[in-house]
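Peer 1: Chain residues, written in single-letter form:
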Amino acid sequence: MSPIRRKGAERSRREPSAPSTPSAPRPPTAPSAPRPPTAPSAPRPPTSGEAHSTAPIRTLGLTKEYGDLVAVDSLDLEVHAGEIFGLLGQNGAGKTTTILMLLGLSEPSAGEARVVGLDPTRDPLGVKRRVGYLPDAVGFYGGLTGRENLRYTARLNGLRGADAEERIDAVLDQVRLTDRADDRVDTYSRGMKQRLGIADALVKEPEVLILDEPTTAIDPIGVVEILELLRGLVREQGLAILLSSHLLNQVQNVCDRVGIFAAGRLIGIGTVAQLAHRFGGQGTHVEIRLAGVPDGDEVEAVALALGRIEGVSAVHQPAAGHDAWTLDVRTRDDVAGVLAASLAIITRDGLRLTAIREIEPTLDDIYRRAVSQAGVDAAPRRAVA
Amino acid sequence: MSATTGPAQATSAGRRAERLPTSAGWLIVASKELADHLLSVRFFVLLLVLGAAAVIPLYFAAERLRSLASDISGLQAVFLALFTVTPEGVPDFRVDVFVGIAAPLLGIGFAFDAVNGERSEGTLPRLLSQPIHRDDVVNGKFAAGLIVIALVLLAVMVGIAGFGLARLGIVPAASEVMRLVLWYLVTVLYVALWLAFGLLLSIVIRRGATAALAGFGVWLFVAIPYFGPRFISAILGIFLRPVSGEEVLGAQGLQEFVLRFLPSRLYAEASIVLLNPAVTTVSTPATLDQYLQLQQQIPTLVSLDQSLLLIWPHVVVLLALTVGCFALAYAQFMRQEVRA
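As given, the protein sequences belong to chains A and L, one line each in that order.
Under the numbering used here, the first residue of the first sequence is numbered 1, with each subsequent residue one higher.
Under the numbering used here, the first residue of the second sequence is numbered 1, with each subsequent residue one higher.
Hints were generated in silico from the structure; no laboratory data involved.
Built from N, CA and C at the ideal position, the CB exists for glycine as well.
Hints are not guaranteed to be accurate.
Stated by the list, open to error - FRET-style restraints, in silico, Cβ to Cβ:
1) L/L38 x A/N249: 45 to 53 Å
2) A/D68 x L/G117: 30 to 38 Å
3) A/E287 x L/H133: 54 to 62 Å
4) L/Q336 x A/D68: 15 to 23 Å
5) L/H133 x A/G161: 20 to 28 Å
6) A/A110 x L/Y226: 51 to 59 Å
Same shape as in the complex, but just chain A:
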């Protein structure tokens, strides 16, 4: 009944058929919820449009058009104090354009934004005084030392003398660059420059931090360091942080809420668990790791047996050199039965089991599904626009 296909092909075929709306609210079942335990209390419900809202970042119908191209399409967004909000989307989805509008560096075609209570178009200086910004591919004056670069930023923010030095020492310490602070930035690694960029954004003691692709082009350990640093800033200083990224899995653990951004529109907003629920559809996966299944007939036999389990829609054989089998399960309610039946088969056939578990959908999966669903929904609307 279940043809055995390669994993990738199967997934891409299956996704568009996922239902576009969740049938009924389901209690969050995720045992390993992607949100870290340090996250603040339950996310607030979206209240965009409320005039008295105190959220440091709010947008209402924010739109940016370049000629016929709609880079950002009526964006409604709120980021609260003490929260890390991830703006996730592919390159060209409109993330940077949104950020530039929030900073008053680009004028919206329609709609409005309020950042720390100010209109970035009317009072860009007021916004820039209180918002730290780490640009995409941040650069520094290579001939100057890290400290000198920060000193320039401090002066531009009206900090001088002992106050400035004290503040610079503090932020350098925060990003752990103190010992390299007096070397030319030319000699810094990419990760160090990125950390210096965060220090640079922090010099002005911002209430809001806006980070454009803070983890791009950084090695995995550097990413963890940066994300821990951000988490600490939120915990200790109650900043509101908006970060954009196209590396979804990297940031999913650090974001309290995420907004999924595609073709200029926010197609999903909420915690990763909420989005998983909304876009994850009914299906889920079970991964089984088997040691030492020989090739050939025996593999086919195992696949056939697993495929016959009630609730399994497809079986993906491990690629050469791997031992992970993946079962597509029709609904989450079937998972328990599938696990039990798989174990029975494995025991019966005398296979050596090393691991068996349900796989939570990653943000990448969620993103792909959200985009494909929105793509179907969006087609007529974009034609009108």
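Given chain A, put chain L in place with the hints provided.
Peer 2: What follows is chain L alone, placed relative to chain A:
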């Protein structure tokens, strides 16, 4: 959450309020740029280029001056002759001509990568996200460039004057000092035009190397008398075939008119009038009578205000060109997207 962060934010906002009002953003940008310029290799290279441009003709001028010393000692403007005397048979081998050729390089050299350099280094978005106006960036960079140029020109001029004082024992008269100061100011203005042009290039052209090449090309054509001006004269010469004396004068007048569209020509005329009080006119006489009159004129030295009257239009046009160039650069920069 907001309850716990409230006080912290209030104090940080309070400290921020204390910092305000900050000094003008352009001053901070300018002082940083100035420090960069003064420590850059570029500064020394351009100082050397301009120094060489001044010293080489000065050397020959000094030789000639010494041999002529007896003749010219009675003249009023001996000191200025340092800048304008040429070796025999080489008419354009003068300090002011050489400075007029090399000085524009200063303008282009300090501006060609002002904005596109920030862009390619990735520092522009960071700079613009600081609480300064966007025009502070352009203004600060222009101001810093102008200060460096003024310093370099001053150093070269003082060097020449010092050479005159020490080696030749010529002491300038008060009117000569005034003329030198005015020549200095006109030269700074002329270089400011090139600086504004370089700034415009750095904003319009995204790559520093391309902007430098474009600036260099324009410099070659406009600032060097043997390229653009020669070329224009040659083209005009094809169409103008004067026969009578009046026609010759007319043709020359037309050539002059066309060449004055080049700022280098304006500077050259202003420069010679200021440095050589014996120059009483910058235009070719319109009629044969005027020409003959000019021939019969007894050579005298004109007073400073007469010289100023002669070049006032030149200065105004140079100023207008500079302001126009800067305004164009400014407008382009304000309209540009921050993102590369």
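Peer 1: Verify the CB-CB distance for A/A110 and L/Y226 against the hinted window 51 to 59 Å.
Peer 2: 57 Å, holds
Peer 1: The hint says 20 to 28 Å between L/H133 and A/G161; measuring C-beta to C-beta, is that right?
Peer 2: 24 Å, holds
Peer 1: Can you let me know if the beta-carbon spacing of A/D68 and L/G117 is within 30 to 38 Å?
Peer 2: Holds, at about 33 Å.
Peer 1: Kindly confirm whether 45 to 53 Å is satisfied by the beta carbon distance between L/L38 and A/N249.
Peer 2: At roughly 48 Å between Cβ atoms, A/N249 and L/L38 fall inside 45 to 53 Å, so the hint holds.
Peer 1: Given the range 54 to 62 Å, decide if the beta-carbon distance of A/E287 to L/H133 lies inside it.
Peer 2: 57 Å, holds
Peer 1: Mind checking the hinted window 15 to 23 Å against the Cβ distance between L/Q336 and A/D68?
Peer 2: Between L/Q336 and A/D68, where Cβ atoms are some 21 Å apart, the hint holds.
Checked against the numbered hints listed earlier, the structure breaks none of them; every hint is satisfied.
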